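J.: These two chains come separately, so use the hints to put the complex back together.
Here the protein sequences come in this chain order: A and B. For the first sequence, position 44 (counting from the first letter as 1) is numbered 44 according to the working numbering, and the numbering increases by one without interruption. Just add 79 to wherever you are in the second sequence, counting from 1, and you've got the working numbering.
Since the hints were derived computationally from the structure, they do not count as laboratory data. From a predicted model like this one, the values you see are computed outputs, not experimental measurements. Backbone N, C-alpha and C fix where the C-beta goes; we use that ideal spot for every residue, glycine too. A hint or two may mislead.
These stretches of chain B come out as covered by chain A in the derived footprint (C-beta under 8 Å, 3 or more residues) [as the list claims (entries may be wrong)]:
(1) 105-116
(2) 272-282
Cβ pair distances, simulated, as ranges [claimed, not checked]:
(3) B:SER502 <-> A:THR9: 31 to 37 Å
(4) A:THR9 <-> B:ALA594: 38 to 44 Å
(5) A:LEU70 <-> B:THR234: 56 to 62 Å
(6) A:VAL20 <-> B:ALA594: 54 to 60 Å
Pulled from the structure, derived: some chain B residues nowhere near chain A, Cβ distances all over 10 Å [stated by the list, open to error]:
(7) TRP124
(8) ASP175
(9) SER187
(10) ASP222
(11) THR290
(12) TYR322
(13) GLY334
(14) PHE339
(15) ALA343
(16) ASP388
(17) SER424
(18) ALA445
(19) GLY608
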Amino acid sequence: MKTIIENATDISKYIFEDDVEISLDETSITTPGFIIADMNSSNATVVEDVTPPEDWIGCKYLHADSEWVLNPDWIEPVD
Amino acid sequence: MADKIQLRRDTAANWTSANTVLSQGEQGYETDTGKMKVGDGTTTWSSLSYFGGSTLSDLNVTATSTELNYVDGVTSAIQTQLDAKAETLTDLGITDGTNGQVLTTDGSGTFTFATASGGGGSSFEAVASGTLANGDTVIVNADGTVSAVSQVVQTAAVGTQVQMTTGNVNSIDGVSIGNNKIAICYRDYNNSNYGTAVIGTISDTTISFGTPVVFYSGTWNTTPAIEWHPEKQRLVVFGPGLYGFGYGYVASVSGTTLSFNSTAYQLFNSTVTWYSSVYDPTTEQIVVSYSPGSNNAGVRIVTVDESDDSLTFGTLLYFDAADYRDLCMTNDGKLVIAYIDDNDSSRPKAIVGTISGTTISVGSIATINSSHTSSSYIKCVFDTNENKVVIVYVYNSDGYGTVGTVSDTSISFGSVSAWDTDSTQFLGLAFDSNTNKSIVTGRHNSVQELREVTISGTSLSFSDPVNFSAGGDGTFNVAVYDSSSQRVAIIYSLSQTTGYANVYRPSGSTTNLTAENYIGISDGAYSDGANATVQIVGSVDDAQSGLTPGQAYYVQGDGALSTDADTPSVFAGTAVAATKLIVKG
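So that you can see chain B by itself, here it is in the shape it has in the complex (with noise of 0.2 Å):
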């Protein structure tokens, strides 16, 4: 068992009291404050210091007493020192501002009193595309990146003719396939009359073609009609096959190469003429409507399955005698058949489908005017604009046009005007979702010409005409407008001869600002790429002038405020002040 060694020990009051001289070397140890003194053999109790120093220098301590009590004292003396220490941001080396500035930092520890930029409130923070300025209109990028509300006029161009076959061709079709690119079938007049596709790649005012690619060797004589399926990345064209019998030929697309099934799809087993189709976004299927015979004309659904490449078709739906037929499908989903009556005196017609899985019903059918009799060439396309259908066609060799508009399966007319009056024909029609205008192409005497459409109202008013090919008779002159490259293609077969195309880009200005994508106001000056910060809604914006307090703000096409809505209608804020806007939208 190990000894146990004990210091000579008593209370601070009794060391004192008693004033003890220690032995040299001996120790004395205070039990209530835990000191200890070591005796010399000569000093009292009271004159000895503690062992280990007698001063706070003696421990290499620099605060005072006063401050290590402070400290001992915890809260209430540690917040006088810090009052006394520290009571402002002075006090911290921060040089004051004027009234009414905000402390910035630089991210790197260095304080600054600056200028409020905006009026507080919830702000986002995206990488610049193209410059900001302090108050601009911002709306948000596909790609995440924001931007400032910006318009481009665009003034109207026809490139120049680009020839697309070395012989002629005839019975042409044609859909955009995105990518500026757009795809064609025609019957081959100098490969036998064969069923030939080609892809066409626009840039900006010209076109060019891949290698044709006959998909069906034998003779096509009647009007096809080609589809693109977006959702599948499909093409199906509809045209003849075997003994002239109705057949559907799917292909995929791969940049300008076009691999078709070798299977075709058989539509109709007997002869099929006149086709025509439009995709149906909504149930993403495609209609197709044709002539099985002279004296009526069909309409069905048409399902694309892209793991083997193959269509099946829905029940066929007979609703009139038309050869000349073109369709179209509203905003909401409803068709549109309009159609050339051959049962009731060639008169202008159109009738209403409504898709339901794979079954189409038809409404009342509506004449557009029963006065036009030995009507033909009849093109519709949807202004997804307006909310209404254009309709155009040829009566009497005159060029005629109105508006329809759709109610749940009825369509009605605005009035009928003519465009054209010297032998028009051969019309095709476009409609370009960026300047919301439809084009109307056709054959005027010996030359081709266009013209820009636009709805006012229940009234369409037409453009001068612009001349895309001087010379020879002009067929077909399919109209193919491709959103990616906001172009219009026209292809044609001039004088029987060569197939050609122009590219058309119609005139306007676009914006990139659409119903969804503004999402504030850029709160300072930002060069492209860099990191900017826009005020979002419920800030308030200190960046505007000659606002109105109390008035409603709307985003303009070209980023401007105004009290009147643009199209579309953009709601950017109250005006509180005349510099001050609160984001709203």
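Bound conformation, chain A alone (with noise of 0.2 Å):
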């Protein structure tokens, strides 16, 4: 799988299957079903060939040195 991942904070923001594809320019990244307006090639990188946590969602792990570690500012949300 791929990740996509925030530079400054090394936070995994999205998975995607390997074998979608991920456009990232200066303004936005671009997705096959949907845009990412507050990420770009300037502040995002797309991480391929992880294996994310089986309870992975969005912001709740960092990725670093292909390590997965818990946000430690993660707040599970509410319904």
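T.: What follows is the structure, given as structure tokens:
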């Protein structure tokens, strides 16, 4: 799988299957289903060949040096 | 020095008196008449003809000497001639008409007597948009063309349910942005609860969606608010940002493409929940309200700068503790906040706010029904036609509603009536300015229903429910009226699995007549695109029938004339005969 990491925090924001095409440009990131307006080629990086934790959800984990670490600021969202 | 040659000369009388015989070729000149004769050596002066001919025919002149003398005699003779030659128009070849007819022209030199189509007075010419019959009441359109006043009867219809998202959505809000489009923001459950927005395009009773845009890749865990600034042409979304603090996000819209400013503007430096907002057309500012804590709620002005897509915020005014809350603006620019008071046993209340610059002040709190403790899901809209506020809410799992009347900084309420008595929740409310009805949406047991709401005095009446989604437990049921398409879009989450939308066309009749656009009465029958003459103020139209002289007549929504005013009230004129009306207005 591949993940989009926020460079400043190492927070894993998105997870995609390997074959999903992701396009980063100066203003946004385009995915097949939606556009990410608050991330771009300057503040985000796509890391491929990752295996996220089973309970992965956006912002819950940091990904750095091929390691997954629970985000210390993580708060479970309420319904 | 040149030699001077002078002819033999004398006055005419002297020439006649002397009766001289001029030599052959000798010239004699009358100094007082300017005439001249040439001698032949035998004929006396009196018998000689003047040089150049003795008759008019000698000079190729066809007019008689009398006629020439008239010209020579100037005014009196010419007038006599004209009187003799063209005393009437028939002398000019124009066939006479009948008594009362007027002379008309085809613009190409042909004159004809015809019966006058009107009683005279001022008229206005413009291109007809649609056909006009003689005597039709006429409006001027925004593009300068003219049309007959007409009415279209609209039957109610709910369009087919349209899937908005592939996964579950939550915390939805929507707003009309014009051009048959609405903007929707939501919490995308299937995408890590991120804040997402999308543009929907309404076509009759269906809707299609553009590509969703995630504008905040972080957890959204509360009800957001979205507002359109029509003057600045910017969309503003209010919702959580970093650490759950309150933020505002600005976007421009092109077609169905959303372009968000990369900078989010912090609204409050702590966790904020339950956003609501409204646009104030008077000050061209947005008003946002939110709960910065469990024991209070605040409201403040938001100013949009489209040059850099930035937001600035006015002073936050705390008014009470309220999570369920809604805002609307009156015709007079007053802000109405309807809310459930969390510090007073969740009773439904409202207050009136006054906006001055970027500051808001509020009047005294008014309780809608003090018996309705533990109320929830309150919504309000302003009925611009009735100049009153429509408020709906849920009490004891039943739907209730009332009419609010705003006077300066206070609000009073009419009777409170129940409109749904079976497990009502997740209300939406929109005002349709086309049919002058409000549309309330909500979950009734496990189906989603809507009702048309009309104001009668200070009471509300509700239509029978219309089911727009038979299955599942719908949540949010956001209702958005889009004036450009004249439709109500309903956005909701069904069974917490998928986001859906429906488009509702309210029942009613719509007219092209406004309080301002009536200009007069058609002076003839005209086809679409023809140049039409409209009898305007001061003229007398004579193409009516059945009028009572001396009565004032009003234009009806369907174009007819009546002695009773319709809505809007448009004065057509005063009848002076059964067939004639002095155009006023």
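J.: Checking a non-interface call: every C-beta of chain A should be farther than 10 Å from the C-beta of ALA445 of chain B. Is that right?
T.: Non-interface label on ALA445 of chain B holds, nearest chain A Cβ at 33 Å vs cutoff 10 Å.
J.: Taking 10 Å as the cut and beta carbons as the points, is ASP388 of chain B off the interface with chain A?
T.: Fine: 12 Å to the nearest Cβ keeps ASP388 of chain B off the interface.
J.: Is the Cβ of ASP222 of chain B more than 10 Å away from each Cβ in chain A?
T.: Correct as stated: the minimum Cβ-Cβ distance to chain A is 37 Å, above 10 Å.
J.: Can you tell me whether the CB distance of LEU70 of chain A to THR234 of chain B sits inside 56 to 62 Å?
T.: 58 Å, holds
J.: With a Cβ-Cβ cutoff of 8 Å, does the region 105-116 of chain B contain at least three residues near chain A?
T.: violated (count 0)
J.: With respect to the beta-carbon atoms only, verify the hint that THR9 of chain A and ALA594 of chain B lie 38 to 44 Å apart.
T.: 58 Å, violated
J.: Does GLY608 of chain B clear chain A by more than 10 Å, comparing its Cβ with all Cβ atoms of that chain?
T.: With a cut-off of 10 Å, GLY608 of chain B remains clear of chain A, as the shortest Cβ separation is near 45 Å.
J.: For the pair VAL20 of chain A and ALA594 of chain B, does the Cβ-Cβ distance stay inside 54 to 60 Å?
T.: Cβ of VAL20 of chain A to Cβ of ALA594 of chain B: about 56 Å, so the range 54 to 60 Å holds.
J.: Is it the case that PHE339 of chain B keeps its Cβ farther than 10 Å from each residue Cβ in chain A?
T.: 4 Å, violated
J.: Since GLY334 of chain B was said not to touch the interface, does its Cβ keep a gap of more than 10 Å from each Cβ of chain A?
T.: 14 Å, holds
J.: Holds or violated: is the Cβ of THR290 of chain B farther than 10 Å from all Cβ atoms of chain A?
T.: 6 Å, violated
J.: Beyond 10 Å on every Cβ pair: is that true for TRP124 of chain B relative to chain A?
T.: 114 Å, holds
Against the hints set out earlier in the document, violations occur for numbers 1, 3, 4, 11, 12, 14 and 15.
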